[in-house]
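Hey, can you work out the whole structure from these sequences and the hints?
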Amino acid sequence: MKSVVCIKQVPDSAAKVVVEGGQVTWGDAPLVLNPWDEYAVEAALVQNEAHGGEVIAISMGGESAKEALKTALAMGCHQAILISDAALVGADSQAIARVLAAAIKKIGDVDLAFFGRQAIDGDMGVTYAQTARLLGWPVLSYVSVIHEVDAAARKVKVERSIEEGRQIVESKLPAVLSVSKDIGEPRYPSFMGIRKASRAEIPTWSLSDLGIEPPASVVRWPEIMNPPTREITTEMISGESPQEIAEKLVEKILEEKVL
Amino acid sequence: MMSEAKILIYIDQFQGHALPTSWELFGAAQSIQAQMGGSVLAIALGSGSQAVAQEAFHYGAEQAFFCAASSLEDYRPEPYATQISKLAREQGVSVLLFPTTTRGRELASLCSIDLGSGVMPDAIALEVNDGRIVATRPVYAGKLLSKAVCQVDPQIITIRVRAFKAPAADASRSGSPISLDAAMSDAEILTRVEGYSAAQAGVSLTDASVIVSGGRGVSNNPSLTPPSGLDEKQAEVWRAQQGFNLIRDLASVLGGAVGASRAAVDAGYIPYEHQVGQTGKVVSPDLYIACGISGAIQHQAGMRSSKVIVAINKDAEAPIFKLARFGVVGDLFTLVPALTEAFRKRLGK
Ligand SMILES: Cc1cc2nc3c(=O)[nH]c(=O)nc-3n(C[C@H](O)[C@H](O)[C@H](O)COP(=O)(O)OP(=O)(O)OC[C@H]3O[C@@H](n4cnc5c(N)ncnc54)[C@H](O)[C@@H]3O)c2cc1C
Ligand SMILES: Nc1ncnc2c1ncn2[C@@H]1O[C@H](COP(=O)(O)O)[C@@H](O)[C@H]1O
Numbered sequence: 035m036k037s038v039v040c041i042k043q044v045p046d047s048a049a050k051v052v053v054e055g056g057q058v059t060w061g062d063a064p065l066v067l068n069p070w071d072e073y074a075v076e077a078a079l080v081q082n083e084a085h086g087g088e089v090i091a092i093s094m095g096g097e098s099a100k101e102a103l104k105t106a107l108a109m110g111c112h113q114a115i116l117i118s119d120a121a122l123v124g125a126d127s128q129a130i131a132r133v134l135a136a137a138i139k140k141i142g143d144v145d146l147a148f149f150g151r152q153a154i155d156g157d158m159g160v161t162y163a164q165t166a167r168l169l170g171w172p173v174l175s176y177v178s179v180i181h182e183v184d185a186a187a188r189k190v191k192v193e194r195s196i197e198e199g200r201q202i203v204e205s206k207l208p209a210v211l212s213v214s215k216d217i218g219e220p221r222y223p224s225f226m227g228i229r230k231a232s233r234a235e236i237p238t239w240s241l242s243d244l245g246i247e248p249p250a251s252v253v254r255w256p257e258i259m260n261p262p263t264r265e266i267t268t269e270m271i272s273g274e275s276p277q278e279i280a281e282k283l284v285e286k287i288l289e290e291k292v293l
Numbered sequence: 003m004m005s006e007a008k009i010l011i012y013i014d015q016f017q018g019h020a021l022p023t024s025w026e027l028f029g030a031a032q033s034i035q036a037q038m039g040g041s042v043l044a045i046a047l048g049s050g051s052q053a054v055a056q057e058a059f060h061y062g063a064e065q066a067f068f069c070a071a072s073s074l075e076d077y078r079p080e081p082y083a084t085q086i087s088k089l090a091r092e093q094g095v096s097v098l099l100f101p102t103t104t105r106g107r108e109l110a111s112l113c114s115i116d117l118g119s120g121v122m123p124d125a126i127a128l129e130v131n132d133g134r135i136v137a138t139r140p141v142y143a144g145k146l147l148s149k150a151v152c153q154v155d156p157q158i159i160t161i162r163v164r165a166f167k168a169p170a171a172d173a174s175r176s177g178s179p180i181s182l183d184a185a186m187s188d189a190e191i192l193t194r195v196e197g198y199s200a201a202q203a204g205v206s207l208t209d210a211s212v213i214v215s216g217g218r219g220v221s222n223n224p225s226l227t228p229p230s231g232l233d234e235k236q237a238e239v240w241r242a243q244q245g246f247n248l249i250r251d252l253a254s255v256l257g258g259a260v261g262a263s264r265a266a267v268d269a270g271y272i273p274y275e276h277q278v279g280q281t282g283k284v285v286s287p288d289l290y291i292a293c294g295i296s297g298a299i300q301h302q303a304g305m306r307s308s309k310v311i312v313a314i315n316k317d318a319e320a321p322i323f324k325l326a327r328f329g330v331v332g333d334l335f336t337l338v339p340a341l342t343e344a345f346r347k348r349l350g351k
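So the sequences go chain by chain: A and B.
35 is the number of the first residue of the first sequence in the numbering used here; add one for each residue after it.
3 is the number of the first residue of the second sequence in the numbering used here; add one for each residue after it.
There's no promise every hint is true.
Claimed, not checked - Not everything, but these chain A residues come out facing chain B in the computed CB check (under 7 Å):
| id | residue |
| --- | --- |
| 1 | D155 |
| 2 | L168 |
| 3 | L169 |
| 4 | R229 |
| 5 | P256 |
| 6 | I279 |
Claimed, not checked - Derived contacts from chain A toward chain B, CB cut-off under 10 Å, selection only:
| id | residue |
| --- | --- |
| 7 | V44 |
| 8 | G159 |
| 9 | V173 |
| 10 | L174 |
| 11 | S175 |
| 12 | R194 |
| 13 | R233 |
| 14 | E235 |
| 15 | P261 |
| 16 | R264 |
| 17 | M270 |
| 18 | G273 |
| 19 | E290 |
None of these hints come from the bench; they were simulated from the model.
Remember, it's a predicted structure, so these values are computed and weren't measured experimentally.
Glycine included, each C-beta is placed from N, C-alpha and C at the ideal position.
Printed below as a string of structure tokens:
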């Protein structure tokens, strides 16, 4: 079985992100593998352990994204490919999806393409479905459990989280899978894995390697800003007993007219 | 002359019941109409969609479409998106609105490819500038806000739950929903729905106007004696479940939902469905009561836009107090039951 995992490099979730002089900055916080994509890597590796074959991590981004690819290699992915091209700076999600779809086609014979739920920088959560549509493959999103992959019968059965609970779906292969946190805690890179990853050669594909023209972006971001500071005056409630505190607090909350 | 908007709203529904947030899209549509005029169409798909389409008239739809063909009986993204894209093309819509639900986000993405456009997901505000919609959306887990503009039509937007108010339903407004033919046959669809397992009963977190959340702090009530025969981890989970019962009692008196921190979820105290935060649900209730939660930045990402935040924590230095309108430094095991009792008395329940 051949799987691709699409991963993105993002600022760490604990980073203090602010806009300074119109530019987004996160100080000296590290760039990391998008946390949701760690779950995608985990899911791909678990299937690989069960069915063999290979797992190829791909990322579209700048040279630094190789670090995120190395994390994926250290976790156990077999190959990593960076897709990088000056023409892709500022690309919107559907343009990224066109590039990822082209890369998945170039890799060839892919059974499953794993994605995270969303990238924690742009918080879009759309790229996996757009990629699936471009490939003409079914999209299985918010996947919590992979019950069965049958590469020979070209089938996969999953459980998806929806507002109302879980939906159990069987799909033809190839398919795009976007996983949720329920899929299982991502493994830590092993010591051996880290050593292997540090020596790995990560090839870079340009748009001409993919054989496509730079895709046009249609969504623009004319402005990015710090949210208006909320003036919160915290009022601490105290009292002689829990009952007294509770009664005071109830009155205060009722005065806010939110109930 | 500025062209008018032709807005198509996707009403997200499950087995004949619209998700309440779907109606909020009519509030969003009104705000667009107020600035550029135009008309509002609605579409609902799947079993029960005719009644849902009927209901759309009450909220201001001028035309409502539905398709309850057997191939659409269960939600499947491919045929649903194909159906919506086809109608959007036929009607020449310039704006396509979806709720930010699991289905809405995914359908918006698929339709964006069908219609040669892009998506502006999870908008919390809309304005019109030079005849184009400018959507404001939180990025970096709400640490920043970004404005987004789509340069081609249809402008596809998903609207965050509770960002807009649903107009009051007016039963005197009505019409006849138009039935659509299925755009894809069953044979063309590559997936099959085998069934469902239901979520835990209770108020849905994202729709809730009141949320009471528990964190790691709910697990350490020293005055409880766990049943014998439990190992240390089981005893901890047992204690935590007693703690979450107190949280649940308070939520139930307030008609609210139960949330949790990731620490509580990862420790096995409560299922992931309840997790609030960056890798859980993003919520913005009118009232959020955090009990035994320290307020890590990833937790804040999920609840910071709540209207009134109340924090109960025994550590006066906990970061959660910085967000809180009201704070109590103390033991949640005595304070939460007292609060439940006080609300019960005061609200006459
Ligand atoms: C990539 C990533 C994603 C993450 N996503 C999320 C997410 O989606 N949601 C999330 O919540 N976290 C998330 N986290 C984890 C986050 O960093 C914190 O670890 C977590 O929120 C801590 O949960 P907590 O507040 O319950 O636990 P703690 O930080 O341990 O806090 C427990 C609090 O309970 C108080 N307490 C203890 N006993 C009592 C008592 N008897 N009465 C009153 N107070 C008491 C303590 O004073 C303390 O403040 C994420 C982390 C990472 C790295
Ligand atoms: N530049 C990228 N390179 C590779 N994969 C990506 C990229 N951007 C997004 N993805 C994948 O698409 C998912 C959803 O991203 P987004 O739509 O940007 O929130 C992520 O979790 C990744 O799996």
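| task | Please flag the earlier hints that this structure goes against, numbers listed from lowest up. | result | 3, 4, 13 and 14
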